[in-house]
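Visitor: Please construct the entire structure, taking both the sequences and the accompanying hints into account.
Listed here are the chains, written in short residue letters.
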Amino acid sequence: MTPRYFLKCCLTVIAVTAFFCSFQAAFASTLENGEEALGRKLAKQAVKDSKRWSTIDHTKVEALNKDFTSGEEITGACLSCHSEAATQFHKTIHWTWLASGDKSDIRYGKAGYSVNNFCISGNAMEDKGCLKCHVSWNKKGVKGEVNCLKCHNSSGFNFNEAFGDIKAFSEDNDPETNEMVKDIQQEIKQAITKVTFPTRKNCGECHFKGGGGDGVKHGDLDTSLTKPNRMLDVHMGIDGKNFSCTRCHTTVDHHIAGRIYTNPAVETRKSLIEDDLAPKITCVSCHSSEPHKNDSKMNDHTDVVSCQACHIPKYARVNPTKMWWDWTKAGKMKDGKPYVVKGPFGKPVYKSIKGEFRWEKNVIPEYFWSNGSQTSTTADDIIDPAQIVKVSHPVGDKTDPEARIFPFKIHRGKQPYDKIHKKLLAPMLSGKRGFWTTFDMNDAIEYGNKTLGIPYSGEFDYVETTYAFPITHMVAPKENALNCTECHIRENSRLASITGLYLPGRDKSNLIDIIGWLSVFGALAGVFLHGIGRFFTRNGKEN
Amino acid sequence: MKDKKIIKIYLYTRYERFWHWLQSFMIICLIVTGLEIHGTYKLFGFQTAVNIHNFIGLSWLILFAFFVFWLFTTGEWKQYIPTTKKLFSVILYYSWGIFQGKPHPIQKSKGAKHNPLQRLAYLGISAMLLPVQMVTGLLYYLYNDMLGILPLSILAVIHTLIALFLLNFLVVHLYMTTTGHSLFSHITGMITGWEEIYETTEIADWETQATRKN
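Residue numbers (our numbering), protein chains in the order written: chain A, 264 to 806; chain E, 10 to 223.
If you are wondering where the hints come from, they were derived from the structure by calculation, not from laboratory data.
Be aware that one or more of the hints could be misleading.
[As the list claims (entries may be wrong)] Far from chain E, some chain A residues (derived; all Cβ distances over 10 Å):
1. 271
2. 421
3. 444
4. 445
5. 521
6. 563
7. 587
8. 601
9. 602
10. 619
11. 648
12. 659
13. 693
14. 700
15. 746
16. 751
[Stated by the list, open to error] A short list of chain A residues far from chain E (calculated; beta carbon distances all over 10 Å):
17. 267
18. 300
19. 311
20. 320
21. 368
22. 403
23. 428
24. 438
25. 624
26. 767
27. 772
28. 789
[Said to hold, decoys possible] Only pairs whose alpha carbons sit at most 20 Å apart, straight line, appear in this in silico PhoX-like list of lysine-lysine:
29. A:430 x A:403
30. A:413 x A:445
31. E:14 x A:271
32. E:122 x E:17
33. A:771 x E:51
34. A:610 x A:592
35. A:592 x A:605
36. A:472 x A:413
37. A:271 x E:87
C-beta atoms are modelled at their ideal positions from N, C-alpha and C, and glycine is treated no differently.
Guide: Written out as structure tokens, the structure reads:
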């Protein structure tokens, strides 16, 4: 055996070994190896020992042990200990309904010029129908007292109704009704001691039912999240982590962390490891920006794709959500009376007071670049009625380092606009002069726009609009996350409308493909003809 | 011609044959998975295709280094020096002579395994297509770790084009193996190492002594 031959043998052995070693290494990283991903570890650490504890038993609090005759009295009792609560709360968006902390800036917010394509406008808190969801007593809005119990009471007791009854009964001196008043007061007394951190039911009372009913608005927030299983929401599932809303939506001085659309939710994607005090509101806060297992290709996606894009495959998975609202059809009467038509899912598809609706369940989101901010077309902005007006739309594109591809529910509809001033209009709906009473849209608009102080020309028509809701709740368990080919596919990619990047499997250069395949099929045709030639000439052999 | 005796010489060493077949296996796997990633068809599923493609691609890089090492330590690189000598007569043979039963203008020998056309083709592939494919493949693989060197759109397009050119080569190469003394004699040569040639070819004594096995 010569040395050279020996060397060759050695090299061959090394090459084969290297080949099979890399084989194992490459596959080991792709297979389940039982080791937990960093993102999961961090998240578990972040929520460990999360049980809140308290040093107070509200049944023993003397200030609560009396007969209350109004909601305001209860608030007074709360404030007798929690002296700063109302002062703090008055500064929050939950109270002011204005995005800006400056009360004179009324551009954005339900109490300002903001509109949507559901019930359109809050009419500067003049539309009392909207105030059912304001955290004040008796729909008084910012002129009233804070109703602490709306968020901090778990009894589910209807205090407004109880106080109404007491007021009605106390006017006559019948001993039997007096007895009833005492009973009601006893019930109130019991109910108010059930003080709590806000439960899913408290938040959901407004946030699940926004827009006039269960699941109307968001698509990823409805009453199915009051007691979800982990298949619907892996964080909130009562058979899983059982998070309440406040687990993620943390609070400082009654300011609740969340999304304010004029600003990104958090300025930079902070991780708890970097800053323990960051509002824990993005996935990254707990799961880090490398949430998947080491070497997973998925970790390479996180600079472009939001977690939600893959981990919320569909929204409205239990209850349907409203996708279309056409105000042009509102106001029809049957026998001179307003009416309702129910459609699939048992949900109304027509209401005289509101118009025509479409509902959908298990909806595939639409995807857009988003840096967390949303544009907002208010009742004071000029629109182009020849186009579909984007009342609310995500901000961002590929060049924005903070932007990710994010899932959205797009609610479409038709709503009134001013033909002369080219602005969206804010009809008043509830109340004596509201559309729901008069069915006179022109008058409702005139009255409604007056509440905002925006002039109305007197001529209106309808324009099609869209409103974008970021889809961020209803995170499915990881086994239900999207397959690669939901996006990495030539036809019907979920990201078909996303531009600014090359998406393998979806994209190709037609020119290059044609040149390449021509060369391949040209070669095939060439060798085929050559082979035929050899066959018939029998390679030139005579026999 | 008929009266000439066919003899066998040991032309392809063990490592060379090992590399050839491993290379062909890897190229075929890379083309099959690569085209799936490109979106041409569904076979393994995108994620599996990506995993296989990455793994074989990285293995390729390691193994190609061994090949280059072998090429230079053994001096085999000289087999790929391009020449125009007799190039035209080879082209003429394949486009005309082969149909008339004329002999191949070049006989293989230990010192010249490849005819001038093969030299050109293999040099083009080994020195041009494969390196570009390896570089674009590696940059594609490391795209997230080295942002901004080349946009993915350019990397992917080059990678795809060369993959299709290699597929083109594969088609022609496969067909050319059938042009030996019999349909499978070239393939047999690459499996056993012993290639059939006509006796007339002069073979130096040292060649047969050094390589003869039995």
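Visitor: When you look at the beta carbon of residue 602 of chain A, is every beta carbon of chain E farther off than 10 Å?
Guide: Non-interface label on residue 602 of chain A holds, nearest chain E Cβ at 51 Å vs cutoff 10 Å.
Visitor: Does residue 624 of chain A sit more than 10 Å from chain E, CB to CB?
Guide: Check passes; 28 Å lies beyond 10 Å.
Visitor: Determine whether the non-interface label on residue 700 of chain A survives the test: each CB of chain E must be over 10 Å from its CB.
Guide: holds (57 Å)
Visitor: Beyond 10 Å from every chain E Cβ: check whether that's true for residue 746 of chain A.
Guide: violated (7 Å)
Visitor: A cut-off of 10 Å on Cβ-Cβ distance, and residue 267 of chain A was said to be off the interface with chain E. Does that hold?
Guide: violated (8 Å)
Visitor: Mind verifying the non-interface call on residue 444 of chain A? Its CB should be farther than 10 Å from each CB in chain E.
Guide: At roughly 68 Å from the nearest Cβ of chain E, residue 444 of chain A sits farther out than 10 Å, so the non-interface label holds.
Visitor: Minimum C-beta separation from residue 767 of chain A to chain E exceeding 10 Å: can you confirm that?
Guide: For residue 767 of chain A, whose nearest Cβ neighbour in chain E is about 6 Å away, the distance does not exceed 10 Å, so it is violated.
Visitor: Any Cβ of chain E at or closer than 10 Å to residue 311 of chain A, or is the non-interface label fine?
Guide: holds (31 Å)
Visitor: Please verify whether residue 14 of chain E and residue 271 of chain A have alpha carbons no more than 20 Å apart.
Guide: Distance of about 33 Å is beyond 20 Å: violated.
Visitor: Residue 413 of chain A and residue 445 of chain A: Cα distance at most 20 Å?
Guide: violated (23 Å)
Visitor: For the pair supplied as a hint, residue 430 of chain A and residue 403 of chain A, confirm whether the alpha-carbon distance does not exceed 20 Å.
Guide: holds (18 Å)
Visitor: Please check whether the beta-carbon of residue 601 of chain A is more than 10 Å away from every beta-carbon in chain E.
Guide: holds (53 Å)
Hints 1, 6, 15, 16, 17, 26, 27, 28, 30, 31 from the earlier list are contradicted by this structure; the remaining hints agree with it.
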